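S.K.: Chain residues, written in single-letter form:
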Amino acid sequence: MKPAPVAYRRPESLDEALADLAELGDRARPLAGGQSLVPLLALRLAQPEVLVGLERVAELRGADLDGDRLEIRAMTREAELERSAALPPLLGAALGHVGHFQIRSRGTVGGSLAHMDPAAEWPALALLLDATLTVASARRGRRRLPAASFILGPLTTALEPDELLEAVTMARPDGRFGFAEVERRSGDFALVGAGCHRGRVVVFAAGPRPQRLPGVEAFLRDGGAPGPELQRRAHAEIEARDDLHASAAYRRQVGARLVDQVVAAAS
Amino acid sequence: MARLDAGTAARLARGGGRYLADLRVPGCLEAAFVRSPLPHARVGAARFHDGRGLTAADLGLHPLVATGPGLAGAPWIPLGGGRARYVGEPLAVVWAADRYQAEDLVDAAQLELEPLPPDEPLHSQAPTGVLFETTLEGGDVDAALRAADLVLEGRFHCARQTPFPLETRGVLAHPDPGTGVLTVWTSTQIPDLVRAGLARCLGLPEARLRVRVPQVGGGFGVKAHLFAEEVAVAALALRLGQPVRWIEDRQEHLAASAHAHDAVVRLRVGVTREGRILGVDADLTADVGAYSIWPFSASLEPMTAASSLFGAYAVGALRCRTRARSSARCPVGAQRGVGVTVGVHATERMVDRIARRLSIDPLELRRRNAVPACPWTSPIGRALDSGDYPRLLATLAAAAGYDALRAEQHRARAAGRLLGVGLALFNEHSGTGTQDYRRRGIDTIPGWDQSRVRVPADGRIEVATSAADAGQGHADTYRLLAAEVLGVAPERVEVVEGDTDRCPPGTGTFTSRGAVGVLESLVQALRAAAATDLAPGTDIVRRADAEQVYPSGAHLAVVEVDPVGWRPRVLRYVAVEDCGTIIHPEVVAGQVRGGVAMGIGNVLLEEHAYDADGQIQTATLLDYLVPLATDIPEVELHHLTSPSPRTTLGSKGVGEAGTIGAFGAVANAVADAVAPLGAELDTLPYSPQRIFAAVERARAGLPPARPGQ
Chain A
1 MKPAPVAYRR
11 PESLDEALAD
21 LAELGDRARP
31 LAGGQSLVPL
41 LALRLAQPEV
51 LVGLERVAEL
61 RGADLDGDRL
71 EIRAMTREAE
81 LERSAALPPL
91 LGAALGHVGH
101 FQIRSRGTVG
111 GSLAHMDPAA
121 EWPALALLLD
131 ATLTVASARR
141 GRRRLPAASF
151 ILGPLTTALE
161 PDELLEAVTM
171 ARPDGRFGFA
181 EVERRSGDFA
191 LVGAGCHRGR
201 VVVFAAGPRP
211 QRLPGVEAFL
221 RDGGAPGPEL
231 QRRAHAEIEA
241 RDDLHASAAY
251 RRQVGARLVD
261 QVVAAAS
Chain B
1 MARLDAGTAA
11 RLARGGGRYL
21 ADLRVPGCLE
31 AAFVRSPLPH
41 ARVGAARFHD
51 GRGLTAADLG
61 LHPLVATGPG
71 LAGAPWIPLG
81 GGRARYVGEP
91 LAVVWAADRY
101 QAEDLVDAAQ
111 LELEPLPPDE
121 PLHSQAPTGV
131 LFETTLEGGD
141 VDAALRAADL
151 VLEGRFHCAR
161 QTPFPLETRG
171 VLAHPDPGTG
181 VLTVWTSTQI
191 PDLVRAGLAR
201 CLGLPEARLR
211 VRVPQVGGGF
221 GVKAHLFAEE
231 VAVAALALRL
241 GQPVRWIEDR
251 QEHLAASAHA
261 HDAVVRLRVG
271 VTREGRILGV
281 DADLTADVGA
291 YSIWPFSASL
301 EPMTAASSLF
311 GAYAVGALRC
321 RTRARSSARC
331 PVGAQRGVGV
341 TVGVHATERM
351 VDRIARRLSI
361 DPLELRRRNA
371 VPACPWTSPI
381 GRALDSGDYP
391 RLLATLAAAA
401 GYDALRAEQH
411 RARAAGRLLG
421 VGLALFNEHS
431 GTGTQDYRRR
441 GIDTIPGWDQ
451 SRVRVPADGR
461 IEVATSAADA
471 GQGHADTYRL
481 LAAEVLGVAP
491 ERVEVVEGDT
501 DRCPPGTGTF
511 TSRGAVGVLE
521 SLVQALRAAA
531 ATDLAPGTDI
541 VRRADAEQVY
551 PSGAHLAVVE
561 VDPVGWRPRV
571 LRYVAVEDCG
581 TIIHPEVVAG
591 QVRGGVAMGI
601 GNVLLEEHAY
611 DADGQIQTAT
621 LLDYLVPLAT
631 DIPEVELHHL
641 TSPSPRTTLG
651 SKGVGEAGTI
661 GAFGAVANAV
671 ADAVAPLGAE
681 LDTLPYSPQR
691 IFAAVERARA
701 GLPPARPGQ
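Going down the list, the sequences are from chains A and B. So the first sequence is residues 1 to 267, counted in my numbering. So the second sequence is residues 1 to 709, counted in my numbering.
Hints are computed from structural coordinates only; laboratory data are not their basis. These figures come from a predicted structure and were not determined experimentally. Beta carbons: idealized from backbone N, C-alpha and C, even for Gly. Accuracy of the hints is not assured; some may be wrong.
Not the full set, but computed from the structure, chain B residues with beta-carbon under 8 Å of chain A [claimed, not checked]:
1) 96
2) 99
3) 248
4) 249
5) 565
6) 567
7) 571
8) 623
Build out the structure end to end from the sequences listed, making use of the hints.
M.R.: Here you go:
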C-alpha cells in the first residue's frame, strides 16, 4: 500500500494551478484534502503522473455564509464550516454525517463534490439545494453548472481534465428541513440517506448518484403528506443498487422510510 | 498483590511501544510479495526487474505437513510451490532499499499464471476437498432423540473473519556471517514453533536459527501460525547475506494472513415438554480455505467447534460429525476463542429457540439444563474441573436485574421499539496440554510449557518463560508474582520472553496458556527458587504439562434494533466470569472488555466475502468493518471464583471468554429484538441487511434464508 512514483506540483495561485492542468491534462490529478485520492494512490488504483496540490491556492479558500446566497470555495475544509456560527442548520446536520472529525479536518467541500462518491453528503446537498458549481479552466475560462448537470455518475462529474471546481453557491437554506441517513457505524458512508427542503426531495447512497424524487415532490405539491402512500411512491421511484453491505431491496425500503422521515421533519 | 503500575498502559497508549517496525538495523532491505491475482492457477516462468525476485523453487523451500487422525495429510506450502491456491497468496518475494521501490518491483514482476478450473482439487492428497473429518460421539443419541417429546432443528453459520490486531504481522531476518546464525525477529505468539517450522522449511538445524519477538501489538490467534512471509524473508536474508524485513500492510492482512470460522453447524436437539435437553445430533462443516494451516492443521476450527457444542449443559448424549473442507480462499487459523465461538453461537441460539418454542423463559430454560455441579464429564469426555453454572446464572440475573429488564422490554415493545435481551451460558477449554493434543491427533504442537528463574552475577532475578507476550501484560503479571513468591522488590525482577536463545523452549502464547501451563511452570520454578538463597548462579527450570481447565461464564446483552434502518446497537453488556483464581485483576478486566468488544464486532459487523470468481471483496477497511469505540458499551464485569484443582494457584485463563460470551449474548439479543416480527436470524454477522431480509421473509411467510440467498 505505497503509491507508485508520482511528481508533485504545488501552485501558488489559481492561474498557476489551471496552467498546470492545461499543460498536463489527464496525466495530472488535482489534490484537495486527500481523503479519497490518497487511499486510491496507496492502493495504486489511481496512478497519475503528477499531483497538483491545491493547498496554497488562496483563491480557493474560504466561505461566505452571511448573506442570502452562500458561497463555499472549493478548498474550504469541512471542519472550518463546522466551526462557523453562520453555518445553516441543514448543512450542520449533514456535515455531522461526514466521516469522523479527523476526516473533516482535512476533507474539503470541493474535493468531495469533484470525487462524486454516490454515498457522499456534498453531492446530495448540492442537488437538494439546487446549488451552482463554478468551474474554471485556463483555456475556456469559467462556466457555471447546476448540480444536476455537474453530477454524472459514480466518481464521474462534468469536470474536464483541465478544469477545477472553484466554488459552490446556493441560496441560504432557511426554514424547516429533514436530513437522515443509515450507516453501519458512526462515520461510515451511508447505506442510504435522504434529505428534504422546500419541497425538494433527494435520496443518496442508494443508486449510482444522488437522485431527486420528482414523483414524491409532485405528490407533496398536490397536498400529499407523510404516510404509506408517500412511502409507496418513494419506493417505486428510488434507483437502487446491490453492494456488499446492502441489497437494492433494502435500500428501496429503508430509503422510502427515510424519505417519509425527512418530509415529516421538513413540513 | 501490588497494583500494576499504570505507566505501561499509558506508555503504550501514547505511542511509546517499540514494535517490529520500530527495529532499526543498518542496511536492512525491504521485501514485498508478488501475490496471486487468481484463486487457482499453475505458476509458470517468472521474470523480475533486475533479477530481484525469487519464487519458492528459487529459494528451495520445503512444505510442512500436519498429520494425525482424520487429517488428509495435505501440505502447507510456503510461496505455493508452483501453484497459487487463493487470491492474495504470496508467490514470490522481491526486495529493494525501501518499501515504495519494493512495491514498484511487485508491479513490474511478470509471473506466468495458467488458470486452473474451480473444480480441480487444490491438493492431490484430498481429491474431494475434505482436509479433515471425524465424529465425536457419546451417549445414545438416537435413543435420546426417540425419547424426546420434540426434536428441534437449526442451522447456524458463522462468518469468515479476521482476528485484526492493531499491529499487523512483520518479520526481520538478520544473518550473522561470523556465527552462521540467522536471527529472525517476528511478531509472533509462538517463537519456538516458528523456529521449528522455519528450520524444516529452510532445511537448517534449529541451532542456526534464533527467533526473537519484539513488543507485539496484539495477536488474537492470527500470530500463532508460521507464515510464508516469515519463511521467505528468512530464506532471502540468508541468500543475500543481508538483513531483510517485511511489514505487512492492512490490505495484505485482510486478504492473506489467516482467516477464521466460516463454519456451518446443523443441529437436531431432542427436548422434553418441560424443556430438558436429552440429546444433540450435530453436523459441522468448516471451510478452512486453501491449506491445512501449520502448526494447528485443518482440524483446529471444526474440532474446537464440535467439542464445545452444549458444553455448559448437562446433555446425556451428543454426536457431532465434523469436517474441514478446502476452498481457494485464505487459510483459516486461530482467532480468539477459535471454534468455541462457533459452537457457542449455535448452542445459545438453539437454546433460545427451544425456549421460545416451549414458551419457557430463556433464563429458566438454561437453569433447567445447566451442568448442575463440577467436576462433570460430558458424554464426549470433556472433564469439567471446576465451575458453578447455576450460580453463574443466578449472579447474572441479579447483577443485570433480569426481571426488571424483561418488564422494561415488555413496555418498550408495547411502544413499538425493538428491544432484545440475550443470554449466554458457556465454558471453554484452555491451557491445552500434550495429552489433549495427542488425543486430537495433532503432533505439531508440544503442549508443555517451561519457565526458568536465573540469578546472574549482578544479582538481578531473571524470569524467562516459553510464552511470548502479545500485549496481555505478562511482564507486569509475572514480575509481581515473582516478587511476591521470592519476597524481593519487583524492580529486581526482569521478565524475559520471546527469545529462543534466552528462554526455555515450550509452546507459546494461545488458549490462555499464560494463566495455565506457563504460569504453572513459573510457580513451580519460583517456589523452587524461593527455597534457595537466590545466590548468583541460581538457575532453575521447571516444565509443566497442563491438563485442560474450563473457565466459564454467563453474559447478558441488551440490544435495540432501529425499526427504520434495521441497525442493531448494544445498549448494555453484563459479564459474569469464572476464570478461577484471579492473578491480576486489571489484566483480567482488560481481557474481558477487549474480548467483548471483539465479539460485538464479530456478531454485528465483521465478514469477509469472495465473489463468484474467487476474488476477495473485503481487503480494505471500507468493506471489512471492525467495531469502533462508539459501538461498544461499558462492560459491567462480575466475578465468580471456582479455583481449578488442576493448577497450583487455581487460575484458568480469561483471554477468550469475553469474545465467546458475546457470540451467544449479543446474537441472542438481536434475535430477541426482532422476534416479535417473526424474523429468524442464524447467519452471522447480524447486519442491517440480514435483519431486513429475515423480517421480509417472515412477512412473506417464507422459511429462514440460507447463505447465498
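S.K.: Where does the structure disagree with the numbered hints, that is, which hint numbers, in rising order?
M.R.: 1, 3, 7
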